[in-house]
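Q: Spelled out from the first residue to the last, the chains are:
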Amino acid sequence: MQEKTIRESDKQRESMERALKTLGNLIYDQITNREFPWIMMQSRSMDNIIYDSEIKQYVLGDKMVRRHSRNIAHIRPFTQLVWTAWFARELLKLRKTSTLREVYYSARGQRDIEFKNQTESDNIITDLETALNRPREDFNVYPEERSAIFGDLTIEYTVPGYEGKRMNLTEHPDGVMIGPALTSAEFVETSADKVLVIEKGAMFTRLVEEKAHERFNALLIHTAGQSPRSTRTIIQRLCRDKKMPVYIFTDGDPWGIHIAMVIISGSINAAHLRGLATPEARWIGVWATDIINYDLPTENLTDFDLKRLKELREDPRYREELWQREINTFMKIGKKAELEAFSRYGLTYIVDEYLPAKLELA
Amino acid sequence: MTKSETEVAYQSISPSDFFYRNREIAGFSNPSRAIYAAVRELLENSLDACESISIPPKIYLRITETMPSDAERESAVYILRIEDNGTGIPSEHVPRCFGQVFYGSKYNLKQARGTFGLGGTITVLYGQITTHKPVKVISSTGAEIHEYEMMIDIEYNRPMILRHTVLENRKGWRGTIVELHLEGDYTRSMSKLYEYLKQTAMVCPYADITFVDPKGRLYRFESATNIMPKPPKTVRPHPHGIDVETLRRMTSISKAKNMKLFMTEQFQGVGATTAEKFLSFAGIDPKTDPKSLSPDDIVKLVRAAKEFKEFLRPDASCLSPLGEELLSTGIRKELNLTERDFLRVYQRHPSTYSGFPFIVEAAIALGRSLSKNEEGSKVIYRFANRIPLLFDESSCVVWKVVNKNINWSTYKVSNDTPLVIAVHLCSTKIPYKSVGKEFLADQPEVEREITNALRHIARYLRLYISRNIRLAKEKRRLNVFEKFLPKIAEFSAKLADKPEPPDIKPLLSAVGAELPEVERKIREVPQIAGEND
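The listed protein sequences derive, respectively, from chains A and B.
All the letters of the first sequence, read from the start, carry residue numbers 10 to 371 under this note's numbering.
All the letters of the second sequence, read from the start, carry residue numbers -9 to 523 under this note's numbering.
The hints are simulated quantities; they were obtained by calculation from the structure and are not laboratory data.
Incorrect hints may have been included.
Sample of chain B residues lacking proximity to chain A, with all beta carbon distances greater than 10 angstroms (derived) [to be verified]:
| id | residue |
| --- | --- |
| 1 | Pro58 |
| 2 | Glu64 |
| 3 | Ile167 |
| 4 | Thr200 |
| 5 | Lys281 |
| 6 | Lys299 |
| 7 | Asn397 |
| 8 | Lys473 |
| 9 | Ser482 |
| 10 | Asp487 |
According to the in silico footprint, chain B covers these stretches of chain A (three or more CB under 8 angstroms from chain B) [what the hints assert, rightly or not]:
| id | segment |
| --- | --- |
| 11 | 24 to 33 |
| 12 | 93 to 104 |
| 13 | 169 to 179 |
Backbone N, C-alpha and C define an ideal beta-carbon position, used for all residues, glycine too.
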């Protein structure tokens, strides 16, 4: 078992390294053939981002763009792309991980190609993802970690120095941070049969305290707002590999709705990548109808909230009945409610009454 | 009212006396202007003396301080000495040339710097009234040398000779030396004086001028050529430019038997046919004896002459423009232009205003070397009959043309483009706006010629600028590729595990291929300008 998992992660790393080296060879050969180097990739312009209703996520269309170093406007980003590819290969070779922000700073001192700001470097990394058709986590570039996971899941690390080491995710009561090590770990075994995704840290802590993982036989994941891509990858893997249903529990407002939707259908920004969306996941609350049914304490929707709701109503990802019903209800009652609103019925009400009822429904 | 209050004393004054009382008219308004005006008057006489016999002028000018200014007196006293290699003044004319106002050799119809016979004398007069010292004039026309020491009898407008020596001239020297004392303020006139000499050197590139200033500094303006412009010819007047008094005098001294002959003999460009047509247009019988014309007839003739359209254009052979070659030599020399800089000179065809012929010559220079030397964006040099005009620039028609008539953005000239613009106007009568002779009036004909000349040149300027812009763009492009291609090569090699980066030279030379072509085109601009004329 141990042997096998290590080989698999090695295989993935090797294929990534090969892809990067191929890119290097391509450019090297172009120059040797007295040709200005160029690469083709899918266009990420708005008109090439299309909603695929079959897989229920945004994908890139057929339009291709050519990044050509003969073009004076392209040559700088092109150089940055080659540098970033080289940097990524170094990370893989040295078996190190890095963050988006670190990539930005690592280019400092590379005269003429260093990035003006992190937006620029993030963009180049996205270019590299698009060109290679691989998420940046594959070449060891991660976002800043902030989300966590808790529950009965035994994992086995593959990162250097921890190879083969196992850990059960109930071992730390604050949850285990979803970082590069956890993302690249193998899932060995679990007794859980579902995943509960929670938007907010306070509610995650409450659920751990109330032993919700035992009561619902679930893994608990805390997204800390809009979930990072590594967290979405983990959710997707749990759903796909371990066949666990996923339930998402957010604030009852347009922002909460969209946190759930990005987990389910992916984001526009990551239209070039697959494997991040979990279409089987279900949003179970807080719904607008819950606000009415449970008579929750509310706040009024702001103009900003209303504008966002209108946008969501038009978004193809929200075509299904549940979403349309809830969005319209929010707009009708003009109210929103946070997860914490259940505290008016006592601290354990949410675990004792609300969640079982919602899971029952789902 | 008592008798004494109503009594007014009437007296006449001599021309010398008049200028003594009104010396600011001739430019001697204050101590710093006085030095400048004195140098200008004497230097212009010297240049005229050389040019009239087509000898490249060699002029030595020295100003020495003899008495510094102190707490009591604001101005210092200087000795001004100027030496030239010109015609020399015949001995018998020397006293009156420098001792009598309105005496000179320039009262005829051809282009000259001075016209009144005033400059030399007024300078001597100013020196005399401020220092009470005599002027020394040494001159030779090639034979013996005459040395005069003299003063002016201001009241009677006549020279007083204090000493006259005749010297042997073994080396055959020809020229004139003038040395006089005057009060002034050199420090304050220094910059204008330098500017004046520099611009004179610009418009007289065949002249060699040496200047030693009171602080002992030596300024050299070396000649850049031996070629001189063709000297002007004296011509008969054109009927358009005639006035009542001139016509009266001409009729009174003419030996012509009738008006038809009078017209053909006394005026330029009037043949028998034209004379008949004109006289019938004016309503004068061609057989009339010129001496029998009544004052009314004379007025009638002058008016008709201005209206009659069939006279030939005034003859321009009385003008002596510099020519494109010489003007460009002068500008190139004094602005230290390099081969890469833009300089284009253009001479318009002769034209006329009120019967006076004139020619406009203009030049525009632009270059990297200028931006360092000249402050401000557009530097304007104005010349009239080869005299630099330094004062009251913004009242001058040239300024108006440059700043109002021409839309420089049409020619890709931006506000900070370091342009140098030079305009030279030649005429038998320069249309000065005031007696100070420092700026040109906006005569529509003159204004139009200047505008057309500058527009003509500006079209080539636009070509030069746009090609330069293109060159800069190409260079910027090449820079970008030179910056990034090595990095692409370096990191692609590392990425592909190659020991050496690939060779990018073929790619760079492909990017830079345009450069030599654009550079060649820029060098071509002045030549193209010549071809198209």
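Q: Could you run down the list of hints and mark each one as holding or not?
A: Here is what the structure says about each hint:
Every CB of chain A is more than 10 angstroms from the CB of Pro58 of chain B (nearest about 61 angstroms), matching its label as outside the interface. Once the 10 angstroms rule is applied to beta carbons, Glu64 of chain B is consistent with being away from chain A; the minimum gap is 63 angstroms. For Ile167 of chain B, the requirement that its beta carbon stay farther than 10 angstroms from each beta carbon of chain A is met, with the minimum near 68 angstroms. For Thr200 of chain B, the shortest C-beta to C-beta distance to chain A comes to about 55 angstroms, beyond the 10 angstroms cut-off, and the non-interface label holds.
At the 10 angstroms boundary, the C-beta of Lys281 of chain B stays outside the reach of chain A, the nearest C-beta of that chain being 86 angstroms off. The beta carbon of Lys299 of chain B is kept farther than 10 angstroms from every beta carbon of chain A, the shortest such distance being approximately 62 angstroms. The claim that Asn397 of chain B lies off the interface holds: its Cβ sits roughly 32 angstroms from the closest Cβ of chain A, which is beyond the 10 angstroms cut-off. Consistency note on Lys473 of chain B: stated as away from chain A, yet its beta-carbon is not over 10 angstroms from all of that chain's, at 5 angstroms minimum.
Distance check on Ser482 of chain B: its Cβ comes as close as 4 angstroms (rounded) to a Cβ of chain A, failing to clear the 10 angstroms threshold; non-interface status is violated. At roughly 7 angstroms, the least C-beta separation between Asp487 of chain B and chain A is not larger than 10 angstroms, which violates its mark as non-interface. With 4 residues bearing a CB less than 8 angstroms from a CB of chain B, the segment 24 to 33 of chain A meets the requirement of three and the coverage assertion stands. With a cut-off of 8 angstroms between beta carbons, the segment 93 to 104 of chain A has 3 residues touching chain B; three or more are needed, and the interface restraint holds.
As drawn, the segment 169 to 179 of chain A meets chain B at 0 residues by the rule of a beta-carbon pair under 8 angstroms; below three, the given contact is violated.
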